[in-house]
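A.B. asks: In order, the protein sequences belong to chains D and W. All residue numbers for the first sequence refer to my numbering, where the first residue is 1 and numbers rise by one. All residue numbers for the second sequence refer to my numbering, where the first residue is 1 and numbers rise by one.
In short, the hints are calculated from the structure, not lab data. Note that CB positions come from ideal geometry on N, CA and C, so glycine has one too. Any given hint could be a false lead.
[Unchecked claim] With the Cβ distance kept under 8 Å, some of the chain W side facing chain D (calculated, not the full set):
(1) Leu28
(2) Leu31
(3) Pro33
(4) Ile59
(5) Glu67
(6) Ile69
(7) Gly80
(8) Ser107
(9) Arg108
(10) Met131
(11) Asn132
(12) Glu158
(13) Thr173
(14) Val174
(15) Thr175
[To be verified] Derived coverage of chain D by chain W (criterion: at least 3 residues anywhere in the stretch with Cβ under 8 Å from a Cβ of chain W; other residues may be distant):
(16) 51-65
(17) 166-172
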Amino acid sequence: MAGTLYATTVAVFPIEDLSHGVNGVDFNFTRLLSKELKSMGLEVVPEKEMMNFMVRHRIRRVGSLSTYYVLRMREQLGADLVLLGSICQKEEKAPGALGLTLYLLRTDDARVVWSGVEGLSRADMLRLLGIDQPHSTAELLPIVAQDIFASWPDQMEQVLGRIPFFPIQSVSLRPLYVKPGHKLECRLKLRPIGRKAPDLYLNIKGIGTVPMYNDGHWGYTADWFAPVKDGKYPVEAVFHWSSGRTEKTYLGLYCVDSVPPAVTLRLSGVRLGDSVAFRDRIFAVPKLIHPEPISRWEISIEDEKGKSLISEHGTGNLPSRFVWKGQTGGGSSVNQGVYRMVLRVWDKADNMAKSIQKVAVRRTPPSMILQVKRQGSNMFVDLGNKGEVPISFWCVEVRSEDGRVVKTSEGEKLPARIGVNVAEAKNKKLECVVMLKDILGNSARREIKDLVRMANKSSTGGNRGKKQETWESEF
Amino acid sequence: MSIRCIFPVIGAIILVFLYSCSPRGATLQVLSPLPKQEICRVAVLPFTNESQYPLGGLIFYRVFMAEMIRTGHFDVAQEGDIRDIYDQIKLLPGQQPSIEQIRLLGSRLGAQAIITGSVITMGEQRQFLGMNPSLAVHVNILDAHTGKILWSTYHHREGADYRKVMHFGMVNTVTSLAQHVSQEILTLWFDKGFKGCEK
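All chains, please: the whole structure from these sequences, using the hints.
C.D. replies: Shown next, in the form of structure tokens:
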């Protein structure tokens, strides 16, 4: 549909200057445009009235205007058209450039009816011998304004379409995630348009029509209970205006969720039976098996009686990992033992999921089995591990009394047997140092001052520890 | 070598030269066909800025929207209405809306299609007698009812691409380059069937 433009009064909105950031305004250029429009035979709303309107309606942004305010400008300023504009580019540095966009809005239906873009650089205006060549962006401004207004429309084409739904000032649909049977609430605030507020209903999938209560000040509320079945439920508002007109608009959707999230806690450490052992610190990586939005989480360490020793909580997504240094909330180290690491996770509908992992604090040195046997001219050191934590490293060093190294041996697995030739002792003492380290980092060290003597003792005292069959009067 | 042999060689060189100097077009990826009903009203959502150019996203957004209005084939939703709904749904202009938010924006603005985009690079390089601006953008057309991306377009241009002879035709400003890029994208869309309203 084509229509002739009869409007003559133009409200020139302050021109936004993006070269000074999002809050930049160029009043000089605004005045220049107003002057240009007046020269085209159009009436321009005075600057003071324009500013008063902005203050009255608390309009802070100058680059754009919503439909509601465009319609109000017609009512309150008598404007038929509104001119909005942005200086996209203003560079004084050589060669210097200026960029401008303008939008013209019609106030009777709040539609953009014309737009213009112009970019100009001083490099575009190079003249022979530099005659009439602009030297600053200020000199480029009138040229850009004239160029852009060259396409100002005499007639404006009108495109048929739906007017945007502008009466809603604010909308609140809470909660967006809910358990079955829980209460939901929708609040709407409308902009005062006309004399009588409309009747409002909500169309909710699976529920039907829910009337909204009007508070008499253009505010509406409605509440209802979530259906039993899990799923997504769209909500639509239906406006019945006093004129008989009915309008619908989509407000959003809410999710009914009765299933707790599936969460796991993966521990990095040494598995001992049903627990994971550590000495200094343990890392736990949480993972949602079916990722979904999380509202909050809590992790705690409990002893075997269920008493919480330390806990931490947070909102939003789970951290990538947790670290426990084997301490209580007060900072003191916990005793060796088995503890429970409990992770609780709540989804947006407040369904709670729990993952429990047993952790074992092991700080005792490896329990060493050391036996020395003599067989003829050879001695054998038998090394073993009595503890449940596997050994990661062991070493044995045998030295003579004068400090000479007689034998060294090392390995990663136990039990092990190390052979030493007694002849190496040359009738002197042999000193032996044994060191063990388990995979958690606990270590044990043992020194034997006289290895030969120990070997002799063990070979002669074979019945040591054997229960005496007769009573000894002097012991 | 006879003169007859020289002509094809020169011809081939000229063809190669012309091909290398020919302007690069926008790349269009059709992910889904356009809806069967006429797309009359569109909402152009604030573009994101991935470039280092200050407010590059906003500059291209303003120019692209102005060019879309200038075609006269589209009823373009007002930026102020879009920002109003952004405030209501607590969405920052730099953030990409979710599918659900796209559907809500489409319904509230009465739009059949939603345009989203981002400025990937925007810059200017000083040259003899002028400036060579460059711009790379990514613009998508989304179905306002489903929130799904229908068409995805990438376009990259420099001011020097428009040079005809010597310095003539050279685009010296980011604004003018954004205007050219917008026009080329809209022309491509029009040619491929995104034609807007029949008047």
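A.B. asks: Hint by hint, note whether the structure agrees.
C.D. replies: We went through each hint and held it up to the structure:
Checking Leu28/W against chain D by beta carbon gives a least distance of about 23 Å; that is not within 8 Å, so the hint is violated. Violation of the interface hint for Leu31/W is found here, the shortest Cβ-Cβ separation to chain D being roughly 23 Å, above the 8 Å cut-off. Using the Cβ-Cβ criterion of 8 Å, the hint placing Pro33/W at the interface with chain D is not satisfied: the shortest such distance is roughly 22 Å. The criterion of a C-beta within 8 Å of any C-beta in chain D is met by Ile59/W, whose closest approach is roughly 4 Å, and the hint holds.
Proximity of Glu67/W to chain D holds as hinted, the smallest CB-CB distance being about 7 Å (cut-off 8 Å). With a least beta-carbon distance of about 4 Å to chain D, the hint placing Ile69/W at the interface is held under the 8 Å criterion. Nearest Cβ of chain D to the Cβ of Gly80/W: about 4 Å, under the 8 Å cut. The hint holds. The restraint placing Ser107/W at the interface with chain D holds, with a minimum CB-CB distance near 3 Å, inside the 8 Å limit.
Annotation: interface hint on Arg108/W holds; nearest CB of chain D at approximately 5 Å, less than 8 Å. Here the hint on Met131/W is kept, as its CB sits about 6 Å from the closest CB of chain D, short of 8 Å. For Asn132/W, the shortest C-beta to C-beta distance to chain D is roughly 10 Å, which exceeds 8 Å, and the interface hint is violated. With 8 Å as the threshold, the beta carbon of Glu158/W stays out of range of chain D, its nearest partner Cβ sitting at about 15 Å, so the hint is violated.
With 8 Å as the threshold, the beta carbon of Thr173/W comes within range of chain D, its nearest partner Cβ sitting at about 4 Å, so the hint holds. Annotation: interface hint on Val174/W holds; nearest CB of chain D at approximately 6 Å, less than 8 Å. With a least beta-carbon distance of about 3 Å to chain D, the hint placing Thr175/W at the interface is held under the 8 Å criterion. A count of 4 residues in the stretch 51-65 of chain D with a Cβ less than 8 Å from any Cβ of chain W is obtained; the coverage claim is therefore met, three being the minimum.
Check result for the stretch 166-172 of chain D against chain W: holds, 4 residues qualifying (beta carbon to beta carbon below 8 Å, three or more required).
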